[in-house]
Amino acid sequence: MSDRSWSLLVVDDDPLSCDMLSRRLTRKGFDVSVSESGAEAWRKIQERRIDLVLLDVEMPGANGYEVLKMIRNTYAPTILPVIMVTGKTDSEEIVKALSLGANDYLTKPIDLPVALARIQTQLSYKKSQDALRESEERYQLAARGANDGLWDWNLTTNEIFYSVRWKAMLGWEDQDVSNSPAEWFQRMHPEDVQGFQQAMAAHLEGSTPHFERECRMRHRDGAFLWTLVRGLAVRDGQGKAYRLAGSQTDITEGKLGDVLTGLPNKLLFLDRLGLALRRSERRRDYTFAVIFLDLDNFKLVNDSHGHLAGDTLLRGVAGRLRSCLRSEDLLSRLETTDGGSRVDNLDLVARFGGDEFAVLLEGIRTPADAVRVAERIGTELRAPFPLDGGDIFTSASMGIAMSATGYHRPEDVLRDADTAMYRAKGKGKGGYELFDDNMRASAITRLQLETELRKAVDNRQFEHYYQVITDISNGRIRGFEALARWHHPTHGTIEPAEFIGVAEESGLISHLDHLGLQAACLQTRKWHERFPGEPPLMISVNLSAKNFMRSSLLEEIELILKETGLPPQCLILEVTESAAFTDPTTGLERMKRLKSLGLQIALDDFGTGYSSLTYLHRFPVCALKIDRSFLFRMTESRSDTEIVRTIVTLGHNLGLKVIAEGVEKEEQLTVLQSMGVELAQGYYFSKPISAEAVTAQLLERRQNSNGGAQGILRWSQIPLLNNGSGMDARPASLALGK
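Residue 1028 in the numbering used here sits at position 294 of the sequence shown, with consecutive numbering throughout.
The set of hints was computed from the structure by calculation and includes no laboratory data. There's no promise every hint is true.
[Claimed, not checked] The calculated lysine to aspartate or glutamate pairs, modelled on DMTMM-like cross-linking and capped at a C-alpha distance of 25 Å, are:
| no. | residue 1 | residue 2 |
| --- | --- | --- |
| 1 | K1421 | E1401 |
| 2 | K1033 | D1019 |
| 3 | K1161 | E1186 |
| 4 | K842 | E946 |
| 5 | K1260 | E1239 |
| 6 | K1161 | D970 |
Using the sequences plus the hints, can you model the full thing?
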């Protein structure tokens, strides 16, 4: 605001004095109006903007003091300054004018330079006060309009100003909260107080440029909000903080929500679970359950299609979980009450991160209710998910923990639900398990096993055994399957079934696969050199589902073949049906790349997973390997026999060989021969034995076959091994007992 915009009102009953003063002030750039009476002056003050009044004391009618009283009843001295003009110089009159609210005074005759100086002084002060008031008004408007709560801590008086929004954020009215710091810290979650105060102290000491901390604040309704608190210290000339001011922002929605799926996250789930626990402690008739879910083979989707596709799948899973919990028969359960008020039975599904989800079922009656929900979820998730123009199949392993077990901490409920989930995953994936106390002991054992397994990998405690693969048309050896054995320092030899699952879950399976492939290729190459023959000995190596989808697998296999010198055509990689068909498009591409190295691929455990005939005939595989479970029931179940016959027919129609594993009885072998199965393995022929045992027996057979000569050995002439204890020649029909 410039001086030319100042509006002055000169009030004097002497027309000459009034006119002369107004002319002189106008020449100095002021906008001047005049009044010859108090009543007229008051009317002009109300009608237009006046910045300063020069008010004569002695006037007929309402004198200057009376007009001054009228002005001060409406306008503060900083809003409308008044300079009294008097012909008297005694101090009593001046004191009276100042006591009634005058800002200053002038005496007649008026000395213009003195008058100008005093007018400028008052107008300058008014200008600064107007600016300050305008700034404060903007601050108040911003504070009221902002989502943040503002606070200002006077460190000298130890008082805190809390804005109305700060209080409303926590559910309180303005008058409900005093200026004490205790109002803040008593509402803060006990676990957050110490860290909050330490961070604040570090800033006050100058260790950090600003203060910023997340903490939980208790709302008036008892729930906790997540808040982000920011602040900055004001310091004196010596750098000592005497004031700390900042803001408090409610970040609960972002903190407790999963951005990708829109579901609540783990923090909100734990909070709701804690409330459910407290409710169950107060009410004996209140029961809840937690279902913990982990998607099966989700990493394969990420590795094959990329993380964007994985995100799309997670959103699809979240949508189906929501749909499951919106089903009317799941929401129409018992209503519970808590302290006389109704508690809504709205179940909660949350994403914990990665491919893990959890469901909280409140107010259920029995474990059967939770099981019914788990079954519904399993059914929904097994349906295909459309992705990238094709279909992706997935499933979830689920663990269920019931509140009746007697928990006191949310973390304990989740721990047991997670334990049950791992039990379900270990039984074949896609299922569910209800937690019991025996599982906790098993979980401890599993954790110990994982720790020891890591040490075993580092210390090379694994040895590879070999089980013969036999041509059942003539009883001759065609190759071996490599199988790992863990030689534990205290527990002795441990079979793969006991540690492969742990290796897959812990991420150690890639290391085991690499060591196994390297050892098998090297050993087979040694057998080729020592026992040359035609056709060459084949070696089959199992490839885990996780390893099958690793992008670096092709380079690793190529390097191993180069280092060991094994001809690629002598290596058969066994890939499980479930791994190949989890993502058929990527599985096909991965197989083509492996096939380009010259090696062979067999589909392992065929018949136990989901095979798409659309892709099966396109897969570059050499053989189907019938799962041992069908052979076990084949002689007792006609349906299983027909399943095996169907697999054999399918394989032959596709031009593939068929391998039967798990042959233990002569009856099984007879049926397989009648179906035209080419190759078989199992205890009927030989248990898995060490490389040294295989070498010793092959050497013995060569010497027996050639009278000790070191001639070329034809593998087709070598009879099969007998239970790892010797080599018995058998007739082509293999019609001999074990």
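Query raised in the report: Taking only the CA atoms, is the gap from K1260 to E1239 under or equal to 25 Å?
Result: Not OK: K1260 and E1239 at ~34 Å, beyond 25 Å, violated.
Query raised in the report: Can the restraint linking K1161 and E1186 be considered satisfied, given a maximum Cα separation of 25 Å?
Result: holds, 22 Å
Query raised in the report: CA of K1033 to CA of D1019, is that 25 Å or under?
Result: It is violated: about 41 Å lies between the C-alpha atoms, which goes past 25 Å.
Requested in this report: Quickly compare the C-alpha distance for K842 and E946 to 25 Å and report which way the hint goes.
Outcome: violated, 62 Å
Query raised in the report: Given the proposed pairing of K1161 with D970, does the C-alpha separation stay at or below 25 Å?
Result: Violated, because 69 Å separates the two Cα atoms, which is more than 25 Å.
**Report entry** Agreement of K1421 and E1401 with the hint, judged by alpha carbon distance not exceeding 25 Å
**Finding:** This hinted pair holds, its Cα atoms lying about 18 Å apart.
Hint compliance for this structure: hints 2, 4, 5 and 6 are broken, all remaining hints hold.
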